[in-house]
Amino acid sequence: MTTTDTHDLKPHEAYIPGHHWRNAEDELEGAKLGMWLFLATEVLMFSGFFCAYAVFRMLYPENWHEASRHYLNWKIGAANTAVLLLSSFTIVLAIRGAQLGKRGMILWNLLITQACAAFFLIVKLGWEYWPKYKKGELPGANFMYAGHGTEHAAATVTDPTAMGQIVEVAAGAHDAAQHFAPMAHDQIFLSVYWIATATHGLHVFIGMLVIAWAMIKAWKWQYGPRHYTSLENIGLYWHLVDIIWIFLFPLLYLV
Amino acid sequence: MGGHHDVSYLAPKGTPLQTLLAWMFTVDHKKIGVMYLVATTFAFALGGLAALLLRAELMYPEIGQVLPEYKAGATTITANNLYNRAFSLHGVIMVFLFIIPAIPAALGNIFLPIMLGAKDVAFPKLNLLSWYIYVFGGIIAVYALIAGGVETGWTFYTPYSTTTNWGAVTAMVLAAFILGFSSILTGLNFIVTTHKLRVPGMGWFDMPLFVWAIYATAIIQVLATPVLAITLIMLMCERMFHIGIFDPSMGGDPVLFQHFFWFYSHPAVYIMILPGMGIISEIITVHCRKRIFGYRAIAFSSIAIAAISFLVWGHHLFTSETPAANVVFSALTFLVAIPTAIKVFNWVSTMYKSSIVWNTPMLYAASFLFNFTIGGLTGPPLATLATDVHLHDTYFVVAHFHYVMMGGTVFAFVGGLHHWWPKFTGRMLNDNIGRIAAVIVFLGFNMTFFTQFFLGTQGMPRRYATYVDDFHHLHMISTIGSWLIGLGFLIHLLVFIQSLLGGEKAPKNPYGGLTFEWEADSPPIEHNFPHEPVMTHGPYDFDTVVPPHWDPKDYPLPDPSKIKPAH
Numbered sequence: 001m002t003t004t005d006t007h008d009l010k011p012h013e014a015y016i017p018g019h020h021w022r023n024a025e026d027e028l029e030g031a032k033l034g035m036w037l038f039l040a041t042e043v044l045m046f047s048g049f050f051c052a053y054a055v056f057r058m059l060y061p062e063n064w065h066e067a068s069r070h071y072l073n074w075k076i077g078a079a080n081t082a083v084l085l086l087s088s089f090t091i092v093l094a095i096r097g098a099q100l101g102k103r104g105m106i107l108w109n110l111l112i113t114q115a116c117a118a119f120f121l122i123v124k125l126g127w128e129y130w131p132k133y134k135k136g137e138l139p140g141a142n143f144m145y146a147g148h149g150t151e152h153a154a155a156t157v158t159d160p161t162a163m164g165q166i167v168e169v170a171a172g173a174h175d176a177a178q179h180f181a182p183m184a185h186d187q188i189f190l191s192v193y194w195i196a197t198a199t200h201g202l203h204v205f206i207g208m209l210v211i212a213w214a215m216i217k218a219w220k221w222q223y224g225p226r227h228y229t230s231l232e233n234i235g236l237y238w239h240l241v242d243i244i245w246i247f248l249f250p251l252l253y254l255v
Numbered sequence: 001m002g003g004h005h006d007v008s009y010l011a012p013k014g015t016p017l018q019t020l021l022a023w024m025f026t027v028d029h030k031k032i033g034v035m036y037l038v039a040t041t042f043a044f045a046l047g048g049l050a051a052l053l054l055r056a057e058l059m060y061p062e063i064g065q066v067l068p069e070y071k072a073g074a075t076t077i078t079a080n081n082l083y084n085r086a087f088s089l090h091g092v093i094m095v096f097l098f099i100i101p102a103i104p105a106a107l108g109n110i111f112l113p114i115m116l117g118a119k120d121v122a123f124p125k126l127n128l129l130s131w132y133i134y135v136f137g138g139i140i141a142v143y144a145l146i147a148g149g150v151e152t153g154w155t156f157y158t159p160y161s162t163t164t165n166w167g168a169v170t171a172m173v174l175a176a177f178i179l180g181f182s183s184i185l186t187g188l189n190f191i192v193t194t195h196k197l198r199v200p201g202m203g204w205f206d207m208p209l210f211v212w213a214i215y216a217t218a219i220i221q222v223l224a225t226p227v228l229a230i231t232l233i234m235l236m237c238e239r240m241f242h243i244g245i246f247d248p249s250m251g252g253d254p255v256l257f258q259h260f261f262w263f264y265s266h267p268a269v270y271i272m273i274l275p276g277m278g279i280i281s282e283i284i285t286v287h288c289r290k291r292i293f294g295y296r297a298i299a300f301s302s303i304a305i306a307a308i309s310f311l312v313w314g315h316h317l318f319t320s321e322t323p324a325a326n327v328v329f330s331a332l333t334f335l336v337a338i339p340t341a342i343k344v345f346n347w348v349s350t351m352y353k354s355s356i357v358w359n360t361p362m363l364y365a366a367s368f369l370f371n372f373t374i375g376g377l378t379g380p381p382l383a384t385l386a387t388d389v390h391l392h393d394t395y396f397v398v399a400h401f402h403y404v405m406m407g408g409t410v411f412a413f414v415g416g417l418h419h420w421w422p423k424f425t426g427r428m429l430n431d432n433i434g435r436i437a438a439v440i441v442f443l444g445f446n447m448t449f450f451t452q453f454f455l456g457t458q459g460m461p462r463r464y465a466t467y468v469d470d471f472h473h474l475h476m477i478s479t480i481g482s483w484l485i486g487l488g489f490l491i492h493l494l495v496f497i498q499s500l501l502g503g504e505k506a507p508k509n510p511y512g513g514l515t516f517e518w519e520a521d522s523p524p525i526e527h528n529f530p531h532e533p534v535m536t537h538g539p540y541d542f543d544t545v546v547p548p549h550w551d552p553k554d555y556p557l558p559d560p561s562k563i564k565p566a567h
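Protein chains in written order, with this note's numbering: chain A, 1 to 255; chain B, 1 to 567.
Worth double-checking, as some hints may not be accurate.
With a straight-line cut-off of 20 Å between C-alpha atoms, the simulated DMTMM-like cross-links for lysine to aspartate or glutamate are [what the hints assert, rightly or not]:
#, chain 1, residue 1, chain 2, residue 2
1, B, K196, A, E27
2, B, K196, A, E232
3, B, K125, A, E27
4, B, K196, A, E25
Computed footprint of chain B on chain A; a stretch qualifies when at least three of its residues, placed anywhere within it, have a C-beta under 8 Å from a C-beta of chain B [claimed, not checked]:
#, segment
5, 15-21
6, 50-59
7, 194-202
8, 225-231
Rather than coming from a laboratory, the hints here were simulated on the basis of the structure. Backbone N, C-alpha and C fix where the C-beta goes; we use that ideal spot for every residue, glycine too.
Using the sequences provided together with the hints, build the complete structure.
In structure tokens form, the structure reads like this:
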């Protein structure tokens, strides 16, 4: 930053684009295009989970349906969906604050966004991951779930192939509507659930880190009508994190 | 920034330590490109040595003639096991550490911004970051090799890759995962650079064809690599937590891995070949001094190849997917032949009735046309379901792949290196010795791999350390060919070293090119041009424009009345 004639300007007003850009507008457009491309890579990465989901749902439709009903609580998922939607709204307000040059508006809205993200992660860890871990509702070979009210469930079988046979007998012996019995491929459902939501959770956490960085920048008056590129890109990223959840929630919890 | 604007980008900055630090933390695309060049050349040497070792072992059908018997712990590991690790090493290193980054990240990094008249790529810091990610991934790959290597092949097929306890599969998969990030960031950077940093007045159809090729490559890098990332994450989770997604004993699906893997890795072969095609377009038009034939056809065929590349992954699964899918993927695969043939015909048409200068780059371009045509024409037998059943997993596939990847991409890369060497080093190369080496590499390459078509049709399976005596002679010829390739590259290396140490100083435009890089100094200054360059002519107007820095006396233009429009 040169300070000779701009010392009375706020940092965002004195912003100078990178030397290889012709002007700040080109730089902003370039940064946004880069962000959209990055979001495309994210969508394609998550599409791997959605493909795996589709394949196994097609292979084991009934098992999938029951597992979704039993292992996941839609109310928790819905609460998390609500806070993420709210956070997407507040981050837009923060960007509006930058356009209007209101530092307080940026900071307060980013703070609410952070609170929503923290709420999401705390619910995820405290009300989903931790109980699941304790109950053994874990992916693949770590699956130790004993089930409710089934005498067969007392036999905790670690070998997945043998367990598959036993739980199939169990499923036949009980009315699934009243007494849930684990089915042969629950662990595949939980595998998809765990790695998809954990990857998404990691994205939420990274989002919190970059929003914290944006808050520092906003505090230092580095965002204003003339320059708020990184804030806008963080907003785009945050919307993507939100949208991925909007797809994960119904697929895993509802249908 | 001070007064460094007119100094060569290679000029030292103070003490040797300061210069080193200036390189380590540079955001200059040319320096980053040179650092990529050094790193990928090292990877090429490592992968090449592994290949020479494989060929040496295959000279004799008895096991263990070359690779020693090897004991580790309680288990006796035979030479077979070492052989598996050597071909996996060759594959992983050549694919992930050499051929994917070699052209885009090294030559593309140096020349894409200059060809657009820009000072740098769109995101210079990201560019440096992608180099460090590449090096980090490379270090993990080397660690995996030291920790016992892998014997899964570069394809990491499940269930073997998820159940084997041998070596460091998880570390190697992690390395490939990390290297993918480097590739994505480079691609992203180049797409934005091409969109946003073209000099004013340069439309899409005024761009050099190398830029078109790198742009098409970048699209594939950005859109395909994330799928590899997620596949490898699942593979690592499978190994560490036994999540069962690819494990049939838990109801998982190992064929799903093949679909995921090839959804990336088939487009990835176009990441490997498209930049090479871009180089060939540049070399042929400059060294034939003729307007490129069918500019738009070549440009669009790059984009067409990028688009089709996403639709054909299933042809790697002809023996594991459903027959209906096979028919669809077979048909789609034939589509690839169209844009690639368009390119070859356009290059040959450019050469027709031109004044060809048979220097090292041009020899490599001509070799490319020869090799790539053979490699291309051996594709349809593999895309045809009936013949593929016979040729599947034989040396025919190995030969086909190497004809397009080595005979194509590596030849284009070495040709491009010679073509642009004077520009980015400021030194000329010894062309006579270069030409001798080019001929040796060409002969050695065809000796090595043409024999493998015969081996394949006769039923020699790939990835086998031993074979029946009938195949001995062909394997012998193939191995001798591999020594010729090694010799040729060794000569090239010596020529490069000689040029750096005492080569003749390069003029600004030694070959008479018309694209922007030939207007810059050799080597270019830090910000490439003293002033933003101006578009005064198209990139291939050889019939109407005297090349920059050339005397019109040395470049008699044809009579304008005799020029027919090229397109």
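Status of each hint after checking the structure:
Taking the CA atoms of B/K196 and A/E27, the gap is about 8 Å. The hint holds against a cut of 20 Å. For the proposed pair B/K196 and A/E232, the alpha carbon gap of about 18 Å is at most 20 Å, so the pair holds. In summary, the hint linking B/K125 to A/E27 is supported, as the alpha carbons are separated by about 14 Å, within the 20 Å threshold. For the given pair, B/K196 sits about 11 Å from A/E25 by alpha-carbon distance, which is consistent with the 20 Å threshold.
Coverage of the segment 15-21 of chain A by chain B holds [criterion: at least 3 residues with CB-CB distance below 8 Å; count 4]. Taking a C-beta to C-beta cut-off of 8 Å, the segment 50-59 of chain A contributes 5 residues in contact with chain B, enough for the three needed, and the coverage statement holds. With 3 residues having a Cβ less than 8 Å from any Cβ of chain B, the segment 194-202 of chain A passes the three-residue criterion, so the hint holds. Look at the segment 225-231 of chain A against chain B: 0 of its residues bring a Cβ nearer than 8 Å to a Cβ of that chain, fewer than three, so the hint is violated.
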